[in-house]
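A.B. asks: As a plain string of letters, each chain reads:
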Amino acid sequence: MRDRTLKYLLILPAALIVLGTTIWPLAVSLVTSFRDWRLTRSLAPGPFIGTEHYVIAFTDDPDFANAAMVTALFVLIDVTITVVSALGLALLLRRAGVLQSLTRAVLILPFAVSPALVGISFRFMFNAEMGVFTWLAGVLVPPLQNFVWLADEWAALLVLVFSDAWRWIPYMTLVVLGGLAALPKEPEEAARIDGATELQVLRDVTIPALLPVLAVVAILKTVFALKMFDQVVTLTGGGPGAATTTLAYLVYSIAFRWYDMGYASAVAWILTAILVFLAIWYMKLILRKPGQT
Amino acid sequence: MSPARRRKLLWQAVESAILLGALFLILFPILWMALTAFKRPVDLFGLTFLFTPTLDNFRAIFAHPWNIGHTLLNSFIVAAATVAISVPASTLAAYAFSRFELPFKGALFFTILATQFIPAVVVVLPFYLLFRDLGLLDTVYALIVVNLAIVTPFATWMLKGFLDAVPTESEEAALVDGATRLRVILDVVVPMIWPGVVVTAVFCFILTWNEFLFALILTRDDAVTLPVGITRFRTERGDLWELIAAAGILISIPMFLLASVIQRHFVRGMTGGAVK
Amino acid sequence: MAEVILRNVTKRWGGFVAVRDQSLTVKDGEFMVLLGPSGCGKTTTMRMVAGLEEPTSGDILIGPNRVNDLPPRERDVAMVFQSYGLYPHMTVADNIGYPLKLRGVRGAERQRQIEAAAAKVELGDLLHRKPRELSGGQRQRVALARAIVRRPQVFLMDEPLSNLDAKLRVSTRAEIKHLQYELGVTTIYVTHDQIEAMTLAHRVAVMSQGEIRQLDTPEAIYDRPADLFVAGFIGSPPMNLVRGEHASGVFTAAGGLRAATRIAGHRGAAMLGIRPEDVTVAPAGAGDLDASVYAVELTGDSVLVTAQAGEARLIAKADRAWRAEPGTTIGLKLDATRLHLFDADTTRRLNPE
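Chains as they are written, first to last, in full-length UniProt numbering: chain S, 1 to 293; chain E, 1 to 276; chain C, 1 to 353.
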């Protein structure tokens, strides 16, 4: 068989899978988002109502406004902490040493833990009566001795960030380490010979050269933070109140607590639109580098 | 001691302190859950490292009513089947993307990448309705299908990265030596990127094994997988933390082992070769 | 064994023309070298013969057959790649035997042919190694053995020596020449190294920007370069080229250079070319022109003298005992029988054959 026929046959199975498992549901969700379809009333799809769901979401739904706010806060704190910590940790881990190689060796562990398990474990460790982190916080900062972390709106959000950062910072540190290893050594050595202090080398040479990698880390972390769902379910349940109800969790609540498929699809598509925008940005970033597609 | 030397030692001490702190933060939650798995319920409040260890928790989760063995089997079936379907399909597609000119190649490949950015919750809504109509809710088949959505684009992206890094000369040599294109793929390409195939398969296995949202929405009893299974220990009578910890160990140990196997390639996973 | 004919072959990638309307006949048993700088289209030309690239237009014939539509496996050619293209997961024996395996040669017969090919390139005791356990030179031999194990109609070699160190390159070059002589297989050999081209080829095709600039024997290409490109590309150090005016058989350039060219019927801007070995050093005033020494470099068997004459800088090859301080005025003598004259506009050679 000639290559010009064969190449289509080669992509066919994967194309069918992507078409059936991603494109189709996306299309159906989009169509559903323009319908009034509440499973509590009828199992059959309801009538088309135009863009009403989108209008409601943006103008007349405090739950959506709250979830958008919570998501934005979560993403902002989570991404900042992750990028800064991953960069700092990676810079410390460049050097050879027992402590360094030990730390490098355990960096992959958190990412291999199921996010749902991470959430439930942190729930246990921040438990009011027997949480080891609750106790530890009380020892380190006495006023926090009887603080119930998951009952406080801000604290719950911070615990959620902590659990997600725990899983992602080590992974992103590995990514930054990979970027550091790929940097040529000569510019740093030249800067040192030219008389720069270590801090100046870092500020003027290393970090500028690392910016593309840091951008990859920041965008990817933003994407995964926007999608974050598992820990909300197992750690905070979206609470207290709706203090940790992110957009992804809100979609779930609308669809499977209130069974409003139409509105859930609309909110899901708003989230999707944001993510696709980020995807385009990300693609541009990584495809710009020659030789790496 | 010279001031320069003193400054250097001080800085090294600070570095070591930060690294020790990082090590503690990374390892402590894992260690604490591992200890909890061997505690009796009365020891849970102790916050102590000194207790009489017991295997009762592991016995309990495998016994009635928890029957975690069944959940474990579901997790394994779903992850293994997803990998077995998606990795071969992805390998062929990645080869075509890596080696041939295709019409709309850029757009096609962008679609494949972009699907990784789509929130799983938007994909699961139509599938929930479809599987409900087909009577496939709470079956492993439903889970396998939706997991393919996550894993296939991801595997294609990852394998293309491996293929792009392999020089094409050996393949061309085989073509000139008299092999057909399919033969080249089997005889030359697959053996050459075999480590990449293994890494991809392991990565996809980990992703599927840890997947929570699909399982939460599409299963109820029969087809529950481990990540949803652990939430079952939060009962009306309270949270059975020692059982959660024991089940957590059961989920995590195989993933730790797999992750160590592919450690060197771990970074490639999510970044798709953007960072080596 | 067969001739290879390219008839008006063009290869385009989008707007980029890699090979432009190329016609070339490689005779049966001939050793043809395609020589040129990187990006000149030489490798693309070879890959179209192999069937690894499809020509945009034109015909490619191997023997009597038009092979444009045949996949590589049906063209009966063997190829040695620049980085050898070995199968990293197979042993040396399996690498060499793979073309036989694909053709259904079995068991003992295959083994016998593998061993014969391996013996020919002195690989006999390495048959059970993997490519990664071999040195660069040994890998090169595996690639050669894999090419000769079946008697193909055409050998294609894509810069096969460029990844070897200098010493090994010289000895392997001789071995390739001997192998081709012994087997008598039509061979197309791509290189950017003019020494390889001069030493190996029956005929050399010098290429630039997708076109053949000159197709001739190594001697003819060296002695009678067809245009400025070939003149500048062949020879090390390269031919001296001086810009000036040509009229009534006399070339004049700024800086006092005058040379009789004995070429009638050309007037206008021209380039005079002369190889360093055809320029001799003389005392000031005793040569065809005077020049100031710029640098003196000992190469071992001779001394290269770079001298400034007006705008032009000329290189002369002097006896290895010759020395002078930079700035010294010397005379340069040009061998009048070895002058090359090129039209400055068309770049074509003006000397009659």
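Some hints could be false.
Quick list of in silico lysine-lysine cross-link-like pairs, PhoX-like style, CA-CA up to 25 Å [said to hold, decoys possible]:
1. Lys317(C) / Lys333(C)
2. Lys8(E) / Lys185(S)
3. Lys167(C) / Lys120(C)
4. Lys101(C) / Lys167(C)
5. Lys105(E) / Lys284(S)
6. Lys8(E) / Lys7(S)
7. Lys27(C) / Lys130(C)
8. Lys120(C) / Lys101(C)
9. Lys120(C) / Lys130(C)
Stretch by stretch, here's where chain S covers chain E in the computed footprint (C-beta under 8 Å, at least three residues) [what the hints assert, rightly or not]:
10. 20-27
11. 63-72
12. 168-176
Read the hints as simulated data drawn from the structure, not as lab findings. Owing to the predicted nature of the structure, the values given are computational and were not obtained by experimental measurement. Virtual Cβ for every residue (Gly too), placed ideally from N, Cα, C.
A.B. asks: Does each hint hold? Answer for all of them.
C.D. replies: Taking the hints in turn, this is what the structure says about them:
| no. | hint | verdict |
| --- | --- | --- |
| 1 | Lys317(C) / Lys333(C) | 11 Å, holds |
| 2 | Lys8(E) / Lys185(S) | 22 Å, holds |
| 3 | Lys167(C) / Lys120(C) | 21 Å, holds |
| 4 | Lys101(C) / Lys167(C) | 35 Å, violated |
| 5 | Lys105(E) / Lys284(S) | 15 Å, holds |
| 6 | Lys8(E) / Lys7(S) | 60 Å, violated |
| 7 | Lys27(C) / Lys130(C) | 37 Å, violated |
| 8 | Lys120(C) / Lys101(C) | 20 Å, holds |
| 9 | Lys120(C) / Lys130(C) | 19 Å, holds |
| 10 | 20-27 | holds (count 6) |
| 11 | 63-72 | violated (count 0) |
| 12 | 168-176 | violated (count 0) |
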